[in-house]
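Working from the sequences, and respecting the hints, build out all of it.
So the sequences go chain by chain: E and R.
The numbering used here applies: residue 12 is where the first sequence begins, and numbers increase by one.
The numbering used here applies: residue 6 is where the second sequence begins, and numbers increase by one.
Warning: the hint list may mix true and false statements.
[Claimed, not checked] Distance condition first, Cα-Cα at most 30 Å in a straight line; then the derived DSS-like pairs of lysine-lysine:
#, chain 1, residue 1, chain 2, residue 2
1, E, Lys293, E, Lys192
2, R, Lys345, R, Lys131
3, E, Lys46, R, Lys330
4, E, Lys46, R, Lys344
5, E, Lys149, R, Lys340
6, R, Lys227, R, Lys417
7, E, Lys192, R, Lys344
8, E, Lys192, R, Lys417
No lab work stands behind these hints: they were computed from the structure.
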Amino acid sequence: MYDLANLSLETAKLQGATYADVRVMHLRQRDLTTKNGQVGTLAQSESIGIGVRALANGAWGFASTDRLTREGVSACAAQAVSIAKASALAKRGDVEMVGEAAYVDSWQSPFRKDPFEIPLETQLALLLAADAEMRRVKGVTLTETGMQFRKIDSWFASSIGSRIHQRKMITGCGIAATSFKGDEIQKRSYPNSFGGQHSLEGYELVESLELLKHAGRVGEEAAALHSAAQCPERTGTLILGGSQLGLQIHESVGHPIELDRVLGQEANFAGTSFLTLDQLNKLRYGSEIVNVVADARLEHGPGLGTFAYDDEGVPAQCTDIIKDGQFSGYLSNRETAHLIGLKRSSGTMRTESWNRLPIIRMTNISLHPGSWGFDNLIADTDEGILMETNRSWSIDDRRYQFQFSTEIGWEIKGGKKSRMLKNPSYSGITTEFWNSCDAICSRAHWTLWGTPNCGKGQPMQTMGTGHGAAPARFRNVRIGSAFSDQ
Amino acid sequence: MSPSRKTKKSPAGRSAAPSDQLLPERELRRIIETVLRLAKSTGADETEVHVDETADSLTRFANNAIHQNVAERGLNVSIRTVVDSRTARATTNRVDEDSLRAAIEASLSLAHSQPKDPHLLPLLGKQRYRKVNRFRKDTAALTPEDRARAVRRSCDLAIQNGQVAAGIFASGLQQSALGNSRGLFAAYRETHAEFSITMQENPAASWAKANAASVRDFDPQKLAQRASEKAHLAADARELAPGRYTVILEPAAVLDLVGFLFYDFAATALEDKRSCLNERMGKQLFGRNITITDDAYHPLQLGAPFDGEGMLRQRVLLVDRGMPKNLVYARSTAKAAGKKPTGHGFALPNEYGEAPMNLVFAGGDSSLEQMVATTDRGLLVTRLWYIREVDPYEKVMTGMTRDGLFLVEKGKTTSAVRNFRFNQSILEMLRNVELLGPAVRATGEEAFEMVVPAMKVRDFHFSEVTRF
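Listed below in structure tokens is the structure:
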């Protein structure tokens, strides 16, 4: 693959590029789903191609092709340079990049069981068994299960001399039960909504989830939600389960720290950010117990944002984002780092595939665990609501005002988890919310959740991100707003 | 776009237009025939082949300059085999015989691994299709230089007005062919162009966007001008209390809300009891001024005249004067329901069945200006953002206003307003429509393009306000 990459780089240089980088990528994917006891999707796909990014006349161009011949990749590289020259027709200054060393390396994400080697019959049998367990529950009207496996090879080469091969194995799995009754549709999912848990692991993730152990409960809760009390409207104490807190981090910390948003590069589509450059190291983002990092290193865990090098050839790093409650860092790349006084990119350029330009992306944006046991946290809460498993999420285009709803809630009274609540929701302003955090559960309750479906960029790219979180408590939160008529 | 501008040679030299990047139809047919020939010796009872090819380009600008500029070219071959009442799909983007053979074998291996499906239908035989012409040579010939010059003009306008422009100018070509071992063959190609612009006059912003088969169907500079004028009006936004307001929703705002209804019209969604139309078909669910069809042949629509199995797409009346009348059906769901398939099925195997992808709302004759003039107190909404479903049966959606929210008082827009969060049932909203504008091809960011009118709606529920 490096032969094609080298040819692209040589062509780009001959055509006038002052810098170029190339990604040859081979993506393999398998999807299995069931619905109501029948196999739904059963599909496998592979895609291989090359993407060339070139800097010429001080501006960027990018072209990609699946024609992996010498003629095909040469034409692609020449097209990238030609596009860069067209970009220069509407530039306001030349692109500048901070320095980075050249690396020659090969890396593979660790996994114990290759999911592509596990018999399909075994995988389907597990899904169908979980599906059947959920359907046993009276009142369940729709059952869904799924597994998704991806194996991604990428060969990165740049005109500064880097040659980096990475192989990632990604696994996802989840189940869900839906119940329609009267004028309500209620749903429960395990271990998370929107496809379950996803991580940089092999089939061992599926086995660790123990789907059959949880399937019955999932069905029972979906059916029971119809007779649960409506989540009340009030301002009060909120405890978020780990997966919901992971999405809260994603939306109200992960996106606003993307430096391309901050600099206005996403203004037309994804939006901008309230975290303007003057806020760095000044803004009180959260309470003193709130510590958030952007950590792409393997030692952080097998997250969807874990890698050895980003797609600009910068090694994985850990960056403090919120340190003891204070806003302390952005996600940057080689083009933007110098604009905030950094001498080096924080290594967050990522691409969905060979046919997409790398852009600034979340890696693993994680909240450090605190010291509370979950039972102790509940016992310490006189009155509050515990919300678990995301149902909907929305936040404004500067990432101030958000509203989330979850699949299920539980009333907490006198330090005890009591009755089930349906249609829970909460809303707030980002910094007010994080400043109201007064308790975070310990490492024993911390999970590196995977969000597989983060959309950004034009053309749209879907990226997996990681979010480590343990259940946490927030005070004076507006609860029940989604169903309020006020 | 002015055609004369596209033929001028730029100082930077011309880039190759992508029009020569699509294979001729005979090449797609050859790939399909190769797969069918290879599949004969593998034990597959039946085989279906989709070939999809794209050549897309997108120029992205921000801070009054181009900052990203991309082109992609790709072709996928997707193969579905059927063996002993089992089916599965494998897809590859490599078209050499070894790779195609490997994909056939992968598909067969997946198919063999599952239980028999007694409801699996045989592949469809030869069909006749209605001709649609959605391929425009002017759009296919658009170059990076053409897009860069148009972007430059918009950025110059922003600078001239003390504003900052961001957006995209995209164009592309795509084609699809579908063939199977029963002799079916269908092919379709189209072009598309899109321009979207946000003008920022800190801290205010406004937005305009268009999407069409032909780049001649919109004028980027006019869109830039409109966004610029509205951004200026959006400055000095005042904060209003949340509550219920009469709203005038521009077509993009209508689209991004009603777009969430499309899957509710799938027969499979009702069978799965996840549609808001369960137990509501034939009832007066919306106002009598709401009529919705799915019409792939509407002159403002794009898309192929056949579905994922090769069925001819039918025009379907979904809602007649406020009453949900019909659903769309894939072949298998139609058979189970004792209905005729409508040509809206997704490629098999899948668990979602079908969906109407070419929604057309009947319009009215009220202009936006007339809607404003007839409003004593209300809000004019440019665009909505980050819309998500809160209650799937009552179809309560949440989201934010964005890029231009204006107070209307006594028939005039009087000031800009800080953005609101809404929690609003679409079902209720479509009962509260007071006026309709002419239906246009609308484009937003939350739903795919549809033909919808602007709407004046009473009692729209805003629940919270944000900081800008």
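Outcome of the hint check:
Proximity of lysine 293(E) to lysine 192(E) is assessed by CA-CA distance (about 51 Å); at most 30 Å being required, the pair is judged violated. Taking the CA atoms of lysine 345(R) and lysine 131(R), the gap is near 17 Å; set against the 30 Å cutoff, the hint holds. Distance hint between lysine 46(E) and lysine 330(R) is fulfilled; the C-alpha atoms sit about 27 Å from each other, no more than 30 Å. A threshold of 30 Å between alpha carbons decides the hint, and for lysine 46(E) with lysine 344(R) the separation of about 22 Å falls inside it, so the pair holds.
Between lysine 149(E) and lysine 340(R), the direct Cα distance comes to roughly 28 Å. Compliance with the 30 Å bound is thereby established for this hinted pair. Proximity of lysine 227(R) to lysine 417(R) is assessed by CA-CA distance (about 23 Å); at most 30 Å being required, the pair is judged to hold. Of the supplied pair hints, the one linking lysine 192(E) and lysine 344(R) holds, its CA atoms being roughly 26 Å apart against a limit of 30 Å. Taking the CA atoms of lysine 192(E) and lysine 417(R), the gap is near 46 Å; set against the 30 Å cutoff, the hint is violated.
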